[in-house]
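Converting from the sequence shown to my numbering requires adding 169 to each position, the first position being numbered 1.
These are computed hints drawn from the structure, not numbers from a lab. Bear in mind the structure is a predicted one, so any value in this text is a computation, not a measurement. There's no promise every hint is true.
[Stated by the list, open to error] Here are the in silico distance ranges between beta carbons for each label pair:
(1) Lys248 x Ala195: 16 to 26 Å
(2) Lys222 x Ala278: 17 to 27 Å
(3) Lys298 x Lys200: 27 to 37 Å
(4) Ala245 x Ala199: 32 to 42 Å
(5) Phe277 x Lys217: 35 to 45 Å
(6) Asn257 x Thr237: 28 to 38 Å
(7) Thr237 x Glu216: 30 to 40 Å
(8) Pro194 x Ala245: 28 to 38 Å
(9) Met187 x Ala278: 16 to 26 Å
(10) Ser242 x Lys267: 11 to 21 Å
[What the hints assert, rightly or not] Using 16 Å as the maximum straight-line C-alpha spacing, the simulated EDC-like pairs for lysine to aspartate or glutamate come out as follows:
(11) Lys294 x Glu256
(12) Lys281 x Asp261
(13) Lys208 x Asp285
Every residue gets a Cβ at the ideal spot worked out from N, C-alpha and C, and that includes glycine.
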Amino acid sequence: RLRHHGGDNSTPRRDAAMSTFSEAPAGNAAKGAKIFKTKCAQCHVAEKGGGHKQGPNLGGLFGRVSGTTEGFSYSAANKNKGVTWSENTLYDYLLNPKKYIPGTKMVFAGLKKPEDRADLIAYLKESTK
């Protein structure tokens, strides 16, 4: 959201609050499980060893490089991004996947609320081990 700074109403600036994972609220895995069920489960399986759906299985997600899950046909954009998934990279990615990886096949608009992203990441940390 935009807000004005200083005493004048000249230039609005972007609200940088919670723009990184370290600034986000602590995640709640139970809330994250609900978000996963409603926003992610139609295309992804979280548990290691589960099959691929429209999206890749997310087992072992943390520490894995984008576009490298065996047996899934990724977009060139996802393979070429070469991002290592962590709390920080997922937090940025989940805000706007198509902006983070232009050309991705993932048809998901993203989670705008910092607390939703933190909750989903807390759930994924537990469920994808």
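Now the hints, each set against the structure:
1. Lys248 x Ala195: 16 to 26 Å: 33 Å, violated
2. Lys222 x Ala278: 17 to 27 Å: Between Lys222 and Ala278, where Cβ atoms are some 18 Å apart, the hint holds.
3. Lys298 x Lys200: 27 to 37 Å: Given a distance of about 19 Å, which is not inside 27 to 37 Å, the answer is violated.
4. Ala245 x Ala199: 32 to 42 Å: This hint holds: roughly 37 Å between Cβ atoms.
5. Phe277 x Lys217: 35 to 45 Å: Cβ of Phe277 to Cβ of Lys217: about 22 Å, so the range 35 to 45 Å is violated.
6. Asn257 x Thr237: 28 to 38 Å: 19 Å, violated
7. Thr237 x Glu216: 30 to 40 Å: 18 Å, violated
8. Pro194 x Ala245: 28 to 38 Å: 35 Å, holds
9. Met187 x Ala278: 16 to 26 Å: 19 Å, holds
10. Ser242 x Lys267: 11 to 21 Å: Taking Cβ atoms as reference, Ser242 and Lys267 lie about 18 Å apart, which means the hint holds.
11. Lys294 x Glu256: 9 Å, holds
12. Lys281 x Asp261: 10 Å, holds
13. Lys208 x Asp285: With a Cα-Cα distance of about 11 Å, the restraint between Lys208 and Asp285 holds, given a limit of 16 Å.
Figure legend: structure checked against the earlier numbered hints; hints not met, in rising order: 1, 3, 5, 6 and 7.
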